[in-house]
Amino acid sequence: MTEGPPLERLTRRLQACPDALLHPESVDVPAVLADVLRDLAGDPLRRVGTPMLPAGASPRTTGVALVTAWLLADESFRGLVSPDAARQLIARDLDALAAVVSAEDCVTDAGRREELARFVLAALDLRPAGETDAQAADRLATLDSAARLAIVRETHAAEERARQIREAMARRAREEAAAKAMRE
Amino acid sequence: MSHPRPRYREHAPLLTPAGDALLRRMEQHAHAPVWDYTCGDRLVEADLPVLDAMCAGLAHDPPAGVIPDAVLDRLLAQRERVPHLRRHLPDTRDEIVRQWATLPTLSRDDLVHSTPAFVLDDADLDRMVIYATSGTTGHPILIPNHPIGAAAYQLLLDRALALWGVEIPKGPDAMANALVCAQAETIQYASTLTVWEGAGHVKVNLHPNGWRQPSDAAAYLADFDPPLLTGDPLSFATLLDLDIDLHPLALVSTAVALSEGLRQRLTERFGCAVLEWYSMNEVGPIAVLCPTGEGHHVLDPSIYVEVLDAEGRPCAPGERGEITVTGGRNPMLRLLRYRTGDTAALASGRCACGSTAPRLVGLEGRQLVVFRSASGACVNPVDVSRILREHPLVQHRLVQDAEGRCTLDLHAAGPLDVAAVERQLATLFGGLPLAIRLVEGFEGKVVPYESAVGEEPGLGR
Numbered sequence: 001m002t003e004g005p006p007l008e009r010l011t012r013r014l015q016a017c018p019d020a021l022l023h024p025e026s027v028d029v030p031a032v033l034a035d036v037l038r039d040l041a042g043d044p045l046r047r048v049g050t051p052m053l054p055a056g057a058s059p060r061t062t063g064v065a066l067v068t069a070w071l072l073a074d075e076s077f078r079g080l081v082s083p084d085a086a087r088q089l090i091a092r093d094l095d096a097l098a099a100v101v102s103a104e105d106c107v108t109d110a111g112r113r114e115e116l117a118r119f120v121l122a123a124l125d126l127r128p129a130g131e132t133d134a135q136a137a138d139r140l141a142t143l144d145s146a147a148r149l150a151i152v153r154e155t156h157a158a159e160e161r162a163r164q165i166r167e168a169m170a171r172r173a174r175e176e177a178a179a180k181a182m183r184e
Numbered sequence: 001m002s003h004p005r006p007r008y009r010e011h012a013p014l015l016t017p018a019g020d021a022l023l024r025r026m027e028q029h030a031h032a033p034v035w036d037y038t039c040g041d042r043l044v045e046a047d048l049p050v051l052d053a054m055c056a057g058l059a060h061d062p063p064a065g066v067i068p069d070a071v072l073d074r075l076l077a078q079r080e081r082v083p084h085l086r087r088h089l090p091d092t093r094d095e096i097v098r099q100w101a102t103l104p105t106l107s108r109d110d111l112v113h114s115t116p117a118f119v120l121d122d123a124d125l126d127r128m129v130i131y132a133t134s135g136t137t138g139h140p141i142l143i144p145n146h147p148i149g150a151a152a153y154q155l156l157l158d159r160a161l162a163l164w165g166v167e168i169p170k171g172p173d174a175m176a177n178a179l180v181c182a183q184a185e186t187i188q189y190a191s192t193l194t195v196w197e198g199a200g201h202v203k204v205n206l207h208p209n210g211w212r213q214p215s216d217a218a219a220y221l222a223d224f225d226p227p228l229l230t231g232d233p234l235s236f237a238t239l240l241d242l243d244i245d246l247h248p249l250a251l252v253s254t255a256v257a258l259s260e261g262l263r264q265r266l267t268e269r270f271g272c273a274v275l276e277w278y279s280m281n282e283v284g285p286i287a288v289l290c291p292t293g294e295g296h297h298v299l300d301p302s303i304y305v306e307v308l309d310a311e312g313r314p315c316a317p318g319e320r321g322e323i324t325v326t327g328g329r330n331p332m333l334r335l336l337r338y339r340t341g342d343t344a345a346l347a348s349g350r351c352a353c354g355s356t357a358p359r360l361v362g363l364e365g366r367q368l369v370v371f372r373s374a375s376g377a378c379v380n381p382v383d384v385s386r387i388l389r390e391h392p393l394v395q396h397r398l399v400q401d402a403e404g405r406c407t408l409d410l411h412a413a414g415p416l417d418v419a420a421v422e423r424q425l426a427t428l429f430g431g432l433p434l435a436i437r438l439v440e441g442f443e444g445k446v447v448p449y450e451s452a453v454g455e456e457p458g459l460g461r
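These protein sequence lines are chains U and G, in that order. Note that the working numbering has the first sequence beginning at 1, numbered continuously upward. Note that the working numbering has the second sequence beginning at 1, numbered continuously upward.
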């Protein structure tokens with residue numbers, strides 16, 4: 001593996017991902033992806049070809065692809081990543097990740113930010129600056145399996161808890177509140 | 001009507017024999033209102049140490065210009081237990097402080113659509129209580145709270161009154177507080193409050209509909225003569241009209257803005273402190289009018305108050321923006337950077353009154369709106385909210401023009417019985433012309449009530 005950018009730089013960039021990219025329905029997805037490839041090529045006029053996403057890509061995959069494009073647009077990737085490698089990553093590798101991680105999670109959740117950054121680096125045969133190959137692989141494996149388990153558990157638990165809270169609110173709304181000296 | 005004791009005990013498990021005797025006196029008085037509700041403070045023994053700790057934490061002014069330690073401590077302690085905090089809050093104190101200005105703000109819409117995201121994973125839902133509110137935007141909304149959150153109002157009222165040099169006598173031998181309303185219809189109840197040592201508290205409606213005889217309201221309140229009167233400005237204006245023989249130590253006005261003119265009239269009539277209080281169901285008490293009249297002091301070190309511009313950036317000191325709050329005293333809702341819809345500028349530094357607490361200057365929240373019925377009587381928007389809450393609505397907007405004609409725009413959340421809405425409002429407004437329009441939605445912030453009729457009540461005579 002070649003040394004890539006520092007992990008912290010990439011997770012910060014993910015955290016700063018514009019809201020607009022989290023709404024694929026309002027974004028010209030092929031144009032965004034093509035722009036990123038041109039940037040990586042260092043040639044704004046280069047023919048890069050579109051579309052890069054597999055036909056029938058799910059909205060989740062499209063969402064994660066847009067966030068990944070935002071990540072790849074970081075200057076630290078220039079000269080390190082070829083447009084072809086980026087195209088392969090987006091076209092081939094993101095489906096598996098998108099099955100368990102949403103685009104929003106990749107921006108708002110610290111664990112998922114790190115997972116996406118490491119996933120992208122590994123897919124491009126890069127390791128985070130300052131880490132050995134073994135450290136990078138080990139950390140990604142930990143995050144990856146933890147993510148799958150945690151997400152499934154969290155999603156089920158969160159849905160169940162939200163249902164309990166809404167039911168309690170509906171039930172309690174029919175009952176008396178607690179006395180207080182002020183009204184709103 | 002008196003409440004059967006076992007039923008009331010469910011609502012007030014810590015009721016003492018002395019409190020029980022006071023409750024009977026308040027309920028069974030010859031001039032008592034028509035009680036139609038049972039309500040206690042719902043506190044249990046295990047809540048008392050929590051409230052003691054809360055009291056201890058109120059010994060100091062909230063700090064100015066920084067996130068209070070109490071807010072940071074709680075955010076960190078609850079970060080892993082509240083879905084919204086898990087998602088958005090950094091995991092160390094330093095990072096929270098460093099990234100604070102970039103953390104997402106919350107709107108009332110967020111709360112409406114995702115209430116469970118702000119509730120602790122391990123909150124005891126059996127102790128949840130619900131307050132309904134329509135706020136400044138016309139969105140009807142149910143706010144979960146907890147008996148400790150309700151009791152916090154009494155503790156923070158004490159702190160607010162102390163700022164004005166007032167202390168309310170407490171104890172199970174007298175009524176400490178009457179919360180007065182002036183509405184065609186509202187609940188009425190008598191209760192005792194544990195954190196005020198079992199002192200009596202009643203919620204009563206000054207409207208004649210609430211009493212057996214028209215003169216009963218004056219006779220009842222004059223007999224108990226509670227040292228603290230709370231209510232909205234319209235209720236206090238009605239109190240002036242009734243000219244009851246009362247000797248309060250303080251009046252505390254809430255819900256909508258209290259004009260300086262009405263505040264002066266109340267001060268002259270009752271010869272006591274007249275405070276304006278700023279609170280919201282979502283986070284509890286926020287601020288109280290400074291005795292100098294120069295703004296509202298933040299009351300509580302457990303709440304962080306920011307003022308943000310339209311893009312969510314912190315305003316410079318003295319610059320008006322939207323009041324945004326984090327923390328507060330609602331144990332069922334842990335809100336992070338919640339935009340209130342109210343505006344003010346933030347000032348810090350020692351105030352002329354001696355307080356070093358942050359101060360909201362030029363607070364503009366919910367404005368007092370008064371409608372008129374066909375007879376010319378005041379109609380409280382709270383009565384309109386009460387009627388509309390029964391129907392499946394996302395938002396509403398009621399405008400009364402100078403001739404008394406009403407136009408009601410309704411954004412329905414489902415099948416709507418428009419004829420029923422029309423019938424109920426026709427009764428409230430005494431048959432004034434009313435046009436109801438169904439709309440698909442509203443653009444921007446909606447002012448739910450507007451009126452072009454009549455002058456402010458309480459200033460006319």
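By construction, these hints were calculated from the structure, which means they are not laboratory data. Every residue gets a Cβ at the ideal spot worked out from N, C-alpha and C, and that includes glycine. Do not take every clue at face value.
[What the hints assert, rightly or not] What follows is a set of in silico ranges between Cβ atoms, one per label pair, in the way DEER data are often shown:
id : chain 1 : residue 1 : chain 2 : residue 2 : range
1  : G       : E319      : U       : P30       : 35 to 45 Å
2  : G       : E450      : U       : A129      : 58 to 68 Å
3  : G       : G441      : U       : A158      : 51 to 61 Å
4  : G       : G441      : U       : R12       : 33 to 43 Å
[Stated by the list, open to error] Heads up, incomplete: computed chain U residues facing chain G, CB under 10 Å, no partners named:
id : residue
5  : P59
6  : E104
7  : T108
8  : A134
9  : Q135
10 : A137
11 : E167
12 : K180
13 : E184
**OP:** Run the structure past the numbered hints and jot down the numbers of the failing ones, going up.
**Re:** 3, 5, 8, 9 and 10
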